[in-house]
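**Student:** Given only the sequences and the hints, what does the whole structure look like? Please build it.
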Amino acid sequence: MTTVQRPSATDLQPRQSSSLEPITLPQRQCQKPSRFWQLGSEIPAKFDWGLRLLSVMVPLGLWAIVAQLEVVSPKFLPSPLMVLQAFGELWSKGLFLEDLTASLGRVGFGFLLAAILSVPVGIAMGAFASVRALLEPIIGIVRYMPPPAFIPLLIIYLGLDEAPKVGLIFIGVIFFNTLMIMDAVRFVPKHLLETTYTLGGSRLQTLFQVITPYVVPNILDAFRINMASAWSLVVVAELIAANEGLGKRIALARKFFRTDEIFAYLIVLGLIGFAIDLSLKWLQKASCRWSLES
Amino acid sequence: MHLEIAQLTKQFATAKGPITALENINLHVEQGEFICVVGASGCGKSTLLRLVAGLETPSSGSLSVDDLPITGPGADRGMVFQDYSLYPWMTVQKNVEFGLKLQGVEKKLRRKWASYYLDMVGLANSAQILPKQLSGGMKQRVAIARALTSQPKILLMDEPFGALDVQTKETMQQFMLDLWRRTGTSILMITHDVDEAIILAQRIYVLAANPGRVQAEIAIDLGQERPPEIKQTPEFLHYRETILKLLKAPAITTS
Ligand SMILES: Nc1ncnc2c1ncn2[C@@H]1O[C@H](COP(=O)(O)OP(=O)(O)OP(=O)(O)O)[C@@H](O)[C@H]1O
Ligand SMILES: [Mg+2]
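Protein chains in written order, with the working numbering: chain C, 1 to 294; chain P, 295 to 549.
In case anyone wonders, no lab produced these hints; they're calculated from the structure.
Treat each hint with caution, since some may be false.
Listed below are the simulated DSSO-like cross-link pairs for lysine-lysine, each with C-alpha atoms no more than 30 Å apart in a straight line [to be verified]:
| hint | chain 1 | residue 1 | chain 2 | residue 2 |
| --- | --- | --- | --- | --- |
| 1 | P | K426 | C | K46 |
| 2 | P | K388 | C | K285 |
| 3 | C | K281 | P | K388 |
| 4 | P | K310 | C | K190 |
| 5 | C | K190 | P | K395 |
| 6 | C | K285 | P | K426 |
| 7 | C | K93 | C | K75 |
| 8 | P | K539 | C | K190 |
| 9 | P | K426 | C | K190 |
| 10 | P | K402 | P | K463 |
| 11 | P | K525 | P | K539 |
| 12 | P | K388 | P | K402 |
| 13 | C | K281 | P | K426 |
| 14 | P | K395 | C | K285 |
| 15 | P | K463 | C | K190 |
| 16 | P | K406 | P | K426 |
| 17 | C | K285 | P | K525 |
**Tutor:** Laid out in structure tokens, this is it:
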């Protein structure tokens, strides 16, 4: 074994810089470890689930208490139980399933149409500067026109049936989706494309076999974000002219002062949106393992 | 294989006017040679390699492989970048097969060739995992196997070991020498590490900066066997000193 000579104490003295006045720093301390306030890392699973449960149970409990105390009349603030009963009633009359299928159908159809168009257009815009120059300005302008402002036109052009509702969702989704996919494509590392060329890949092969799979996780991200606006637009669409739908039922409930029904459907809207988001997240996890951390 | 670069000049148009990255470069690589290019940062090494790969077009002069002018990228010139550039969604095996897939080789045959080269780079056991699970050195070996599987006439490498730690780098250099001896591939490699160049190359081109040009061409006569210990031999140290002196020589300023 060889031993390395330790430098003598004087060697380790910092050299004094005469022109600078010395600074006195507070005594150095190590950061204390923390279980809950560690920045950017996980907490133990048990606490995690506990906190998640609290996140739902606390507001629910507060609502129950306030309703129980009858601070405001139950006509305005129904108790959770009344809401559950109202929901049961709508369910047993078959109205709920009817409303749900109507709304889901509109969202699904409008979103699907927008997705079918926005994926290829977004990829083309990201990949080809020419397509981008041609389409980016116009999409950039149109996307800031609020979709509900299109409703009168949609009614004039498409009537009062399903078409204007699907159209509204389509308009609300397609532009943002396209631009988000375009941005994702522009972030595909240049070396990945160049490597493909030197492996003998054509531009078309690179587009379909490298760029497209690379942006699949981003496409699903864009879907998740824009699904939220589709979900709110379907309610807006149904407020105008519809026979059924979750939004329509809420509008009707207002007429009959049924706050319990309004509460029930609001909760349903939240839960279904949440479920859609979770399933898209799951899809991302299942299909794009490679893009997840660690 | 015969790579010939003659009177090559490359200018880039920038906001402040054109800059000359390379000026009057003459360089050649013969069948089975291992050639290194060294030079200071910014002297145009990457640009030179990208021109050979066909990823840039020359401003003037000519580049050709086997007397066919280089007009764009192609599978006859395999490229390995410093950042590995593996396809993150493909397994190691799929990454290595990909070049043959792009060229329409049937599945069974490309499997065999991919396995052959994966075995050669010592990663047969990692065939089914994703690139993110590999260390830097392993990733670079996958990138090399992938480039070789496409059966290029020449392998181009831009500072392939630049991001690796000293020990891994040394292992990779020995690995590269061994691979080169076994495959007989012609290699053109860029590095800024003079020791690395001397260990690996049969000939070294030393570039000078502003504008990038060939300052010297040095034949390295150290034989075939080049274990890491060779770095202590007087011959090695002589080459090292010569090249370092060249690199330190004050740049000729033109105004
Ligand atoms: N696309 C480009 N546009 C404009 N200038 C460029 C471009 N690519 C390279 N250059 C310029 O050309 C010169 C050479 O660059 P290059 O990347 O080839 O150097 P290098 O020798 O590889 O440097 P390093 O050792 O740091 O990698 C630099 O001055 C650089 O700024
Ligand atoms: Mg470089």
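**Student:** Holds or violated: K539(P) with K190(C), Cα cutoff 30 Å?
**Tutor:** 36 Å, violated
**Student:** Holds or violated: K93(C) with K75(C), Cα cutoff 30 Å?
**Tutor:** Holds - the C-alpha atoms of K75(C) and K93(C) are around 22 Å apart, at most 30 Å.
**Student:** Tell me if the straight-line CA distance from K388(P) to K285(C) falls inside 30 Å.
**Tutor:** 20 Å, holds
**Student:** Would you check the hint for K285(C) and K426(P), treating anything up to 30 Å between C-alpha atoms as holding?
**Tutor:** Within the cut-off at roughly 16 Å; holds.
**Student:** Tell me if the straight-line CA distance from K525(P) to K539(P) falls inside 30 Å.
**Tutor:** 17 Å, holds
**Student:** Is it true that the CA of K426(P) sits at most 30 Å from the CA of K190(C)?
**Tutor:** 19 Å, holds
**Student:** Taken at face value, is the distance from the CA of K426(P) to the CA of K281(C) at most 30 Å?
**Tutor:** Status holds; Cα separation ~21 Å.
**Student:** Sort out whether K402(P) lies within 30 Å of K388(P), counting only the CA atoms.
**Tutor:** 13 Å, holds
**Student:** Mind checking the alpha carbons of K281(C) and K388(P) for me, to see if they're no more than 30 Å apart?
**Tutor:** 26 Å, holds
**Student:** Measure nothing beyond the straight line between the CA atoms of K285(C) and K525(P); if it is 30 Å or shorter, mark the hint as holding.
**Tutor:** Not satisfied, since the Cα-Cα distance of roughly 50 Å exceeds 30 Å.
**Student:** Could you grab the alpha-carbon distance between K402(P) and K463(P) and see if it respects the 30 Å cut-off?
**Tutor:** 34 Å, violated
**Student:** K395(P) and K285(C): Cα distance at most 30 Å?
**Tutor:** 27 Å, holds
In this structure, the earlier hints numbered 8, 10, 17 are contradicted, and the remaining ones agree with it.
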